[in-house]
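> Here's the letter readout for the chains.
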Amino acid sequence: MENKTVIKVENLRKWFPIRRSFFATLFSKEELYVKAVDGVDFEIKEREVFCLAGESGCGKTTTARTILRLVEPTDGKIYFDGDDITHLKTKELKPYRIKMQIIFQDPYESLNPRLSVFDIVSEPLQVNKLYESQRELKEKVATALEEVELIPPERFMYRFPHELSGGQRQRVAIARAIITRPRFIAADEPVSMLDVSIRAEILELMDRFKREFNIAYLYITHDLSTARYVSDRIGIMYLGKIVETGNIDKVLDDPQHPYTQALISAIPVPDPTMKRKRVILRGEPPNPIYPPPGCRFHPRCPYAKDVCKEKEPEMVKVGEEHYAACWLLS
Amino acid sequence: MGMREYLIKRIIQGIVTIFVVISINFFLFRAMPGNPFMRFIESQPRGKVKEMVDIYIKLFGLDKPLWEQYLIYIKNLLMGKFGYSFRQVGVPVSKIIMERLPNTLILMGTATTLTIIIGIAFGVIAAGRRGELADISTVVVGLTLYSIPIFWLGLVFILVFGFWLGWFPLWGMITPGKYFSNPFEYAVDYLWHMTMPCTVLVLVSAGGWALITRNALLDVFTEDYILTAKAKGLDERTVFYKHALRNAMLPLVTMIALSFGFIASGAVLTETVFSWYGIGRLLYEGTMQHDYPVVQAAFFMIAICVIAANIIADILYAYLDPRVKY
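Chains D and R, in that order, are what the protein sequence lines are.
When you line the first sequence up against our numbering, it's residues 1 to 330, in that order.
When you line the second sequence up against our numbering, it's residues 1001 to 1326, in that order.
Since the hints were made in silico from the structure, they are not lab data.
Check the hints yourself; a few may be wrong.
Below are the BS3-like pairs computed for lysine-lysine, each with C-alpha atoms no more than 25 angstroms apart in a straight line [to be verified]:
1. R/Lys1050 - D/Lys129
2. R/Lys1075 - D/Lys138
3. D/Lys94 - R/Lys1242
4. D/Lys277 - D/Lys250
5. D/Lys138 - D/Lys4
6. D/Lys89 - R/Lys1095
This one's a predicted model, so the numbers in the text were calculated from it and none came from an experiment.
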């Protein structure tokens, strides 16, 4: 049976208006925006991990938060199981909140320091009235803690976040995310703050839930090696846009966009004798308030041509399950 | 370390601090220029001034060496004796302070309570409507009030509401010479006199509280657990009150406890401007008149209140914030 599409995003945009001083608004009517996400399309199926990768500030995190409607989208459409949730109000959104969850990067920030593990993990059930009795609530929390391998659960339930290690905290965050049995989880760099030794365990855990509960994941990272480890497909983001997307192995083994090539050549290889072609990027990503005209990447691109400065390239098919947006390819 | 050990440790620390305070207190006033009895004696008939001063100096033991005076002072304090006023000869200091203390506690207690309630309320409103008119006005008005010198605002109030408009009395705590048929009438007159000093105190300090509350809340708003709470499906109100405000209140609780510790110290400037018969004005008068025993005793009392408030704040904090360990 074909896996169902859980999340579909069409032409998603999130522009943050810039707060300016009183005098600046007095003298010019022009409104300025940070174009954090500027026209992003993708879909994620059941049991599929879609990875968004890119430099800091390219809009990966904003994309995830916008899909979960934690920030309001400026334009575009978000579909959950085929339902348009782009403009649902807080109340109408509530049934969907149960089915989509988020895991944050920093487990020291994502858990409220004044709540116990029990309060944190049980709150989604309490808010959405997903339990019959106190006993059931306690059992469900215990099960969730067992599922994330915080065993025995009684030992962890009444502790506070500061009494746990980073890995344990992230497990609590995951228990909180899976307790409502969501269909979609956005994992925003879930392991980048953790010790390397526990990264694999956390990723294994997420992979197990994917298979057991048919979860669709949006995996956000700047670390292409963990991306390959967990993801099925990938989208490379640059300045609010996806520049290359497709099957993870195809994109990483045969990158077509110069930006993807540069990212991949920046991964250290643990073999000093190996010679390889390095693509070194010059400069910093441009200011997302004034993205460059034409292809956003052209000021840093080693192959930039005249057309790149004028017109934005379309996404074109460059192979089976592999797309890229670059004038060199069309 | 358990709660008991922590408490004992804190109380010992407090006692040491109080000892340091009373010592500084003693030497500070004796280092001030001038003779405590000169002004007092100026009003006496001419001729035997020198002899009079010598008699008073001997009477209060000020001819003894400084270290001996210090030891006597410490000994008396430990026995609960605060001595007699230099100025109102023969009147015990404790009587002078007890006369003033209720007035200060009523004025400062009311002002502090109102300040905190109003300040926090405005801070919460501002943070909840960030960038909107309510927020911007709170910040602008808050900063303005925060920067106004209190004695100046007091004088403006006296001029405008007391002198020009005649709504409130210019000074004092009760109308002089008025006959009160029952305690209620007395209370009304008292509160009527208190309105202006209390309003001035609240206005000048509430601005700061609003700004601090707003900042504390905005800090918490950017934490990931606020987004987590939203993702759980909590409505805005619950996120605001249960997750944001509860965490933002932590630093405020300490400040609340500390500001109540300062209630007993009175408000030197406000009480002086409005001729309020309280501890603040006593401090001012005592300093001007070299009335060492009075000022020393008042400082001693204030130090005890502030140190006790500190200890209470720490205990409260530990109770509210699970991260604090002893």
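> If a hint holds in the structure, say so; if it doesn't, say that too.
Hint by hint, here is what the structure shows:
A threshold of 25 angstroms between alpha carbons decides the hint, and for R/Lys1050 with D/Lys129 the separation of about 88 angstroms lies outside it, so the pair is violated. For the hint pairing R/Lys1075 with D/Lys138, the CA-to-CA distance comes to about 62 angstroms; that exceeds 25 angstroms, so the pair is violated. The hinted pair formed by D/Lys94 and R/Lys1242 meets the criterion: a straight-line CA distance of about 18 angstroms does not exceed 25 angstroms. Only pairs whose Cα atoms come within 25 angstroms are accepted, and D/Lys277 paired with D/Lys250 is accepted, the gap being roughly 18 angstroms.
Taken as a hint, the D/Lys138 and D/Lys4 pair is broken in the structure, with Cα atoms around 33 angstroms apart against an allowance of 25 angstroms. At roughly 66 angstroms between alpha-carbon atoms, D/Lys89 and R/Lys1095 are farther apart than 25 angstroms, so this suggested pair is violated.
In this structure, the hints that do not hold are numbers 1, 2, 5, 6, in rising order.
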